[in-house]
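Please construct the entire structure, taking both the sequences and the accompanying hints into account.
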Amino acid sequence: MTGCVTLIFCVAAWSFTADAKDLSITTIKQEPYTMSKGSGGELEGYCIDLISELSKKLGFTYKLHLVKDNRYGAMDSSGNWNGMIGEVIRGEADLAVAPLTLTAVREQFVDMTTPFMQTGIGFILRKDVAFEQSAFSLLSPFSTDMWVGLLIAFLLTGLCIFFVGRISPSEWAEPDAEEHSFTLLHSFWYITGALTLQGAGPHPKALSGRLVSAIWWLFAILLLACYFANFNSILHSNSKHVSIKSFEDLANQDVIDYGTVEAGSTMHFFKNSNNAAYRRIYQHMERKKSYVSSMEEGYRRAQEGNFAFIGEAVSLDLAVARYCQLTRSQEVIAMRAYSIAAPLGSPWVKNLTIAILQLSESGELTYLRDKWWASSCMGADEAQTSEALQPHDLRGLFLLLGLGLGVGLLLALLELLSKARNQAKDSKKSCCSVLTSELNWRFGSGGESAEQDTTDKSKA
Numbered sequence: 001m002t003g004c005v006t007l008i009f010c011v012a013a014w015s016f017t018a019d020a021k022d023l024s025i026t027t028i029k030q031e032p033y034t035m036s037k038g039s040g041g042e043l044e045g046y047c048i049d050l051i052s053e054l055s056k057k058l059g060f061t062y063k064l065h066l067v068k069d070n071r072y073g074a075m076d077s078s079g080n081w082n083g084m085i086g087e088v089i090r091g092e093a094d095l096a097v098a099p100l101t102l103t104a105v106r107e108q109f110v111d112m113t114t115p116f117m118q119t120g121i122g123f124i125l126r127k128d129v130a131f132e133q134s135a136f137s138l139l140s141p142f143s144t145d146m147w148v149g150l151l152i153a154f155l156l157t158g159l160c161i162f163f164v165g166r167i168s169p170s171e172w173a174e175p176d177a178e179e180h181s182f183t184l185l186h187s188f189w190y191i192t193g194a195l196t197l198q199g200a201g202p203h204p205k206a207l208s209g210r211l212v213s214a215i216w217w218l219f220a221i222l223l224l225a226c227y228f229a230n231f232n233s234i235l236h237s238n239s240k241h242v243s244i245k246s247f248e249d250l251a252n253q254d255v256i257d258y259g260t261v262e263a264g265s266t267m268h269f270f271k272n273s274n275n276a277a278y279r280r281i282y283q284h285m286e287r288k289k290s291y292v293s294s295m296e297e298g299y300r301r302a303q304e305g306n307f308a309f310i311g312e313a314v315s316l317d318l319a320v321a322r323y324c325q326l327t328r329s330q331e332v333i334a335m336r337a338y339s340i341a342a343p344l345g346s347p348w349v350k351n352l353t354i355a356i357l358q359l360s361e362s363g364e365l366t367y368l369r370d371k372w373w374a375s376s377c378m379g380a381d382e383a384q385t386s387e388a389l390q391p392h393d394l395r396g397l398f399l400l401l402g403l404g405l406g407v408g409l410l411l412a413l414l415e416l417l418s419k420a421r422n423q424a425k426d427s428k429k430s431c432c433s434v435l436t437s438e439l440n441w442r443f444g445s446g447g448e449s450a451e452q453d454t455t456d457k458s459k460a
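Counting from 1, one number per residue, gives the positions in the sequence shown under our numbering.
Please note that a few of the clues may not be correct.
[To be verified] Only pairs whose alpha carbons sit at most 27 angstroms apart, straight line, appear in this in silico BS3-like list of lysine-lysine:
#, residue 1, residue 2
1, Lys127, Lys350
2, Lys350, Lys57
3, Lys205, Lys350
4, Lys57, Lys371
5, Lys419, Lys429
6, Lys271, Lys288
[Claimed, not checked] DEER-style ranges, computed between Cβ atoms:
#, residue 1, residue 2, range
7, Leu138, Asp257, 44 to 52 angstroms
8, Val255, Gly193, 37 to 45 angstroms
9, Tyr367, Gly120, 19 to 27 angstroms
10, Asn274, Ser78, 25 to 33 angstroms
Bear in mind the hints are in silico, worked out from the structure with no lab data behind them.
Here the structure is a predicted model, which means the values were calculated and not measured.
A virtual CB, placed ideally from N, CA and C, is assigned to each residue, including glycine.
The following block contains the structure:
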């Protein structure tokens, strides 16, 4: 293994005695997901740091060897223990330091210190497998920002239609004699009809109004095409997925396979549980033989998809921090603790317990937890954005709409300016005064202008 992979647990046994200060070390096997070798080839991980701190406090030296059979420790049918517990019982190791769960059975054969970490049982699976159905799935093709952008575009287009209808003389030739067709309410109703591909009359007559209307219709058609295409894609991508948020959900479905480490404490919990859902989980694992030989294999199968790996939450959290496509269940059951194991009657248990409590009270254990559980998925979570369309995905469409609205308003003003110039020539007045009078008429403040216009007409 190359590089520095900051991973957690050492499936290993530690050997030292009160008298010996420099014992030899034998490395049998390295679990890549439990600890790693640093740049100098030395082992590193949470357990390495923990035993290092304990050795400083208690003044002992130690040498490390990895457990031979890569197991934590379980009793076979003949009453013999394997794994780290077996090595401690047989005197092959003085201590076992690992994510070793404190259980009643183990406590009968070895002495265990006060826990150095609390955890429980959870499960991990791929994020795309743990799809959660939403009551607002109709909104899922577009992101929240996208919906906000569409609302703003809808409001601006409605106001633009209203202003164009008011300003353009081709749309509203005689403000004092004709009733305006494009009221604010009708303007919004008109563009709503375009979204439903039905339309709503009356339609614009002026060039400026027709341009804005055509741009909005084009925008609506392309928008609906994107919406339905993305909605269809989401439906098909999640057609075989189920919502799995708890162990009850896991037990009640047969789409996703699941399993845990064979002969571990997690397997024994489900085997001995009186809970109906947990019993079904155990029966499923027995029937399908879906156990894994190691946590590494469980992580690998979970990443491959269509498999939920059940394990202790603190170990799963580390996997989630390293493998960004995985997610852990929110539900954690069967709270348990990790302890250091020693032979029965070992004089080190009391001192180790006191030292662990001191490390906990000083915040050192919290520091080690934060150090080794730092997530490498901070940027990856943003990179793996949801399938919902974002505003930048359709920026060209929004720019087209904005350009169309701007050109439509400009054309309406030019139409009104052309009319004002013609009236200014006939009445021998300035173009600006006529244009101001027209705008006052069209936007409801033409009282004085009305009298003046009547006088001008009588003179003509």
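Quiz prompt | Hints breached by this structure | solution = Structure breaks hints 1, 3, 7.
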